[in-house]
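All chains, please: the whole structure from these sequences, using the hints.
There are 2 protein chains.
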Amino acid sequence: MTESVLDYMTRLGRAAREASRVIGRASTAQKNRALQAAANALDAARAELTAANERDLAGGRANGLEPALLERLALTPERIDGMIVGLRQVAALPDPVGAIRDMSYRPSGIQVGKMRVPLGVIGIIYESRPNVTIDAASLCLKSGNATILRGGSEAIHSNRAIAACIQRGLAEAGLPAAVVQVVETTDRAAVGALITMPEYVDVIVPRGGRGLIERVSRDARVPVIKHLDGICHVYVSAHADLPKAQRIAFNAKTYRYGICGAMETLLVDQSVAKEFLPSMAAQFREKGVELRGCERTRAIIEAVAATEEDWHTEYLAPILSIRVVDGLDQAIEHINKYGSHHTDSIVSENLADTRRFVAEVDSSSVMINTPTCFADGFEYGLGAEIGISTDKLHARGPVGLEGLTCEKYIVVGDGQLRGQESV
Amino acid sequence: MTESVLDYMTRLGRAAREASRVIGRASTAQKNRALQAAANALDAARAELTAANERDLAGGRANGLEPALLERLALTPERIDGMIVGLRQVAALPDPVGAIRDMSYRPSGIQVGKMRVPLGVIGIIYESRPNVTIDAASLCLKSGNATILRGGSEAIHSNRAIAACIQRGLAEAGLPAAVVQVVETTDRAAVGALITMPEYVDVIVPRGGRGLIERVSRDARVPVIKHLDGICHVYVSAHADLPKAQRIAFNAKTYRYGICGAMETLLVDQSVAKEFLPSMAAQFREKGVELRGCERTRAIIEAVAATEEDWHTEYLAPILSIRVVDGLDQAIEHINKYGSHHTDSIVSENLADTRRFVAEVDSSSVMINTPTCFADGFEYGLGAEIGISTDKLHARGPVGLEGLTCEKYIVVGDGQLRGQESV
Numbered sequence: 001m002t003e004s005v006l007d008y009m010t011r012l013g014r015a016a017r018e019a020s021r022v023i024g025r026a027s028t029a030q031k032n033r034a035l036q037a038a039a040n041a042l043d044a045a046r047a048e049l050t051a052a053n054e055r056d057l058a059g060g061r062a063n064g065l066e067p068a069l070l071e072r073l074a075l076t077p078e079r080i081d082g083m084i085v086g087l088r089q090v091a092a093l094p095d096p097v098g099a100i101r102d103m104s105y106r107p108s109g110i111q112v113g114k115m116r117v118p119l120g121v122i123g124i125i126y127e128s129r130p131n132v133t134i135d136a137a138s139l140c141l142k143s144g145n146a147t148i149l150r151g152g153s154e155a156i157h158s159n160r161a162i163a164a165c166i167q168r169g170l171a172e173a174g175l176p177a178a179v180v181q182v183v184e185t186t187d188r189a190a191v192g193a194l195i196t197m198p199e200y201v202d203v204i205v206p207r208g209g210r211g212l213i214e215r216v217s218r219d220a221r222v223p224v225i226k227h228l229d230g231i232c233h234v235y236v237s238a239h240a241d242l243p244k245a246q247r248i249a250f251n252a253k254t255y256r257y258g259i260c261g262a263m264e265t266l267l268v269d270q271s272v273a274k275e276f277l278p279s280m281a282a283q284f285r286e287k288g289v290e291l292r293g294c295e296r297t298r299a300i301i302e303a304v305a306a307t308e309e310d311w312h313t314e315y316l317a318p319i320l321s322i323r324v325v326d327g328l329d330q331a332i333e334h335i336n337k338y339g340s341h342h343t344d345s346i347v348s349e350n351l352a353d354t355r356r357f358v359a360e361v362d363s364s365s366v367m368i369n370t371p372t373c374f375a376d377g378f379e380y381g382l383g384a385e386i387g388i389s390t391d392k393l394h395a396r397g398p399v400g401l402e403g404l405t406c407e408k409y410i411v412v413g414d415g416q417l418r419g420q421e422s423v
Numbered sequence: 001m002t003e004s005v006l007d008y009m010t011r012l013g014r015a016a017r018e019a020s021r022v023i024g025r026a027s028t029a030q031k032n033r034a035l036q037a038a039a040n041a042l043d044a045a046r047a048e049l050t051a052a053n054e055r056d057l058a059g060g061r062a063n064g065l066e067p068a069l070l071e072r073l074a075l076t077p078e079r080i081d082g083m084i085v086g087l088r089q090v091a092a093l094p095d096p097v098g099a100i101r102d103m104s105y106r107p108s109g110i111q112v113g114k115m116r117v118p119l120g121v122i123g124i125i126y127e128s129r130p131n132v133t134i135d136a137a138s139l140c141l142k143s144g145n146a147t148i149l150r151g152g153s154e155a156i157h158s159n160r161a162i163a164a165c166i167q168r169g170l171a172e173a174g175l176p177a178a179v180v181q182v183v184e185t186t187d188r189a190a191v192g193a194l195i196t197m198p199e200y201v202d203v204i205v206p207r208g209g210r211g212l213i214e215r216v217s218r219d220a221r222v223p224v225i226k227h228l229d230g231i232c233h234v235y236v237s238a239h240a241d242l243p244k245a246q247r248i249a250f251n252a253k254t255y256r257y258g259i260c261g262a263m264e265t266l267l268v269d270q271s272v273a274k275e276f277l278p279s280m281a282a283q284f285r286e287k288g289v290e291l292r293g294c295e296r297t298r299a300i301i302e303a304v305a306a307t308e309e310d311w312h313t314e315y316l317a318p319i320l321s322i323r324v325v326d327g328l329d330q331a332i333e334h335i336n337k338y339g340s341h342h343t344d345s346i347v348s349e350n351l352a353d354t355r356r357f358v359a360e361v362d363s364s365s366v367m368i369n370t371p372t373c374f375a376d377g378f379e380y381g382l383g384a385e386i387g388i389s390t391d392k393l394h395a396r397g398p399v400g401l402e403g404l405t406c407e408k409y410i411v412v413g414d415g416q417l418r419g420q421e422s423v
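Chains as they are written, first to last, in our numbering: chain A, 1 to 423; chain B, 1 to 423.
Some hints here could point you the wrong way.
Identical chains blur together in the list; that is why a pair holds if it fits in one copy or across any two.
[Said to hold, decoys possible] Below, simulated BS3-like cross-link-like pairs (lysine-lysine); rule was C-alpha separation at most 30 Å, straight line:
# : residue 1 : residue 2
1 : K408      : K226
2 : K114      : K408
3 : K114      : K226
4 : K114      : K244
5 : K337      : K408
Think of the hints as simulated: they come from the structure by calculation, not from any bench. Note that the structure is predicted; figures quoted are calculated from it, not measured.
This is the structure we're talking about:
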């Protein structure tokens with residue numbers, strides 16, 4: 001290609017903006033037809049998908065990609081099944097676009113309400129998992145947005161093969177190809193261009209490691225829906241049912257170590273610490289979880305001495321820091337200070353405690369008597385999620401179809417004029 | 001002051017963050033008490049307010065401030081009345097904080113819903129109108145946020161005097177002084193610091209001219225709720241009731257020329273242009289509104305030839321551009337291309353036309369048979385507004401108390417665990 005990366009990205013951006021007008025007013029039936037047809041296309045293209053993925057895997061091995069990353073890159077038959085099921089699930093979700101709420105008459109005689117509409121063009125920047133291509137494209141399409149997808153260069157052949165299936169789906173539904181575009185160049189300047197075209201791109205969703213997200217946030221001239229750390233806490237309060245607390249804390253840590261909703265720090269009220277900690281610690285030790293504790297914790301159970309650094313750390317591993325706190329106030333203070341405002345839970349049977357915890361903990365999900373690992377779009381009933389936002393503005397917590405839309409005001413009158421008596 | 005501007009702003013930021021935790025959990029009654037007490041303090045301090053404002057006005061005159069800016073700077077007795085009434089109105093508004101919606105049981109047995117909570121710390125950057133100090137502080141306080149206010153240097157004495165009254169109100173209600181802080185230095189580096197402290201400031205609201213807003217948006221490392229142009233259109237469709245259309249278009253342009261909801265371009269369907277334009281033009285001409293038209297317009301009425309530039313221009317003045325369009329499609333295309341996505345209206349008695357216009361015009365307010373000048377927080381029933389957002393993310397259109405809050409998820413269980421059968 002002889003055109004510059006900037007020209008190329010501008011061309012994609014302009015095409016996406018055009019296409020966003022078409023997909024924004026497409027009917028629910030038409031969008032669902034495209035999703036179902038893309039699912040059929042994926043099912044029919046298993047051999048091509050596997051062959052394309054083999055090329056990426058071979059390239060990855062040649063470049064010395066770590067085994068964990070190769071594992072993420074692999075498009076197994078089960079993962080292809082997962083993409084197909086995912087497309088059909090998104091087709092089955094209710095369409096958020098066009099919903100009107102809260103229409104009411106004002107004293108002037110006009111009616112005012114809000115209508116849910118697509119954001120426009122969404123740029124997705126992600127790393128090696130090729131199935132993100134389907135997740136992101138399907139959610140954006142269903143919510144009436146055009147998408148520009150920039151996957152990792154190590155997955156470029158897989159992403160192209162997946163994109164070809166999406167293209168077949170769009171064509172079958174009579175929708176323009178530019179509704180979903182995959183950036184074809186692996187030049188890193190493409191990312192720089194994508195995040196600095198507010199005239200063509202309305203929002204960027206980076207999905208990947210902290211380095212990617214921080215870089216995108218720092219350099220973007222377009223709003224970013226981002227997900228940083230998940231330093232999640234469970235607080236076992238003075239009024240906890242202790243066997244229940246132990247089950248919750250164990251599930252919160254061990255359901256999966258690598259998810260952002262995994263508990264990283266356990267806070268235990270000093271009034272129950274002696275009774276609670278020994279059996280809790282035994283269970284974690286049996287599972288192979290390393291315990292790091294504050295001084296008061298280490299007076300009760302064996303644990304590595306926790307440092308200030310530990311309270312700030314998202315381990316994503318079988319390691320847990322434990323702190324004994326004076327009471328509810330110190331628990332809330334600890335969470336708001338050291339946490340990442342992601343997901344935090346109190347275990348308590350006392351209404352006053354839980355009421356305060358819910359009101360005062362400043363996190364995207366605040367929980368009562370529930371393990372933090374429940375923080376997930378499917379568990380919350382969103383149907384699917386494009387990520388979990390740790391931002392406060394726009395979308396906070398798991399982001400589903402609604403998070404990919406916004407609301408505009410609609411005002412209906414019959415000739416009412418401002419500054420004059422109602423007609 | 002011997003500390004650097006950065007140190008000073010960091011100190012304000014840290015104090016605001018601390019105070020935000022207190023105001024965030026303050027009761028509705030306590031917040032209302034502070035607002036009412038501040039209103040009483042303003043009423044009791046009329047002499048001080050006038051004296052402080054006199055100093056600013058004298059300084060402004062000495063510095064050759066334009067008469068229009070001096071007029072905006074003046075704190076007349078009526079404007080002081082307005083601030084007092086404004087505070088009492090905000091006290092009377094419903095408190096958005098803590099509202100819980102959509103709690104529902106999930107198959108796992110957990111209940112999931114959303115709770116409305118304050119954003120945290122809001123930085124307001126504004127130009128010469130000192131009454132913005134009260135508007136901004138009262139809305140932020142009622143919505144449970146701490147505020148850092150950076151007014152124009154030409155209004156510093158007025159702003160300090162107003163802030164002193166707010167401080168009396170906060171003290172009477174037992175709330176910390178740092179809930180509302182006015183930046184005391186007129187050093188411009190203070191703005192640079194305020195918009196780059198994401199650890200202390202959650203959102204910036206710039207209120208002022210385009211230059212200010214563009215500068216803040218460009219340099220901010222904190223989300224910005226911003227208001228750019230208001231290039232608003234009225235489209236007189238083929239199915240318009242023409243006398244009604246004339247009343248609406250006249251009101252949209254002439255209610256006030258200087259507001260962002262004022263109509264700047266009138267689009268007229270070719271099928272009604274000959275019948276509609278002559279009497280419409282006569283009415284505008286009588287009012288002294290300069291008309292600039294496309295060729296087809298100028299074939300019907302006398303008007304200056306409109307240039308491409310005109311369609312892009314927010315006049316905020318008695319000037320109107322007029323274009324004859326082929327029909328609904330071209331009208332929507334014109335609005336989405338040349339408009340500023342602020343407020344646009346169709347005049348039509350036809351349901352299919354209005355349904356398409358509402359769905360396809362990509363503006364923060366889309367109207368039917370209503371003048372665009374109705375775009376306003378009071379008219380929409382928000383009680384008060386901190387501005388009109390032309391952003392798509394978070395808040396779109398007039399921003400009231402709700403726009404200064406966000407929602408977090410709340411999850412309530414009774415020991416349910418993930419990945420296991422419900423207990």
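Verification of the hints:
1. In this assembly of identical chains, K408 and K226 lie within 30 Å of each other by CA distance both inside one copy and across copies; the values are 23 Å within and 15 Å between.
2. In this homomeric assembly, K114 and K408 come within 30 Å of each other (Cα to Cα) both inside a single copy, at 6 Å, and across copies, at 21 Å.
3. Taking the closest pair of Cα atoms, K114 and K226 come within 30 Å of each other both inside a single copy (26 Å) and across two copies (20 Å).
4. Only between protomers do K114 and K244 lie at most 30 Å apart by alpha-carbon distance; the minimum there is 25 Å, versus 43 Å within a single protomer.
5. Within a single copy, K337 and K408 get their C-alpha atoms only as close as 36 Å, which misses the 30 Å cut-off; across copies the closest is 18 Å, which meets it.
In this structure, none of the earlier numbered hints is contradicted; all agree with it.
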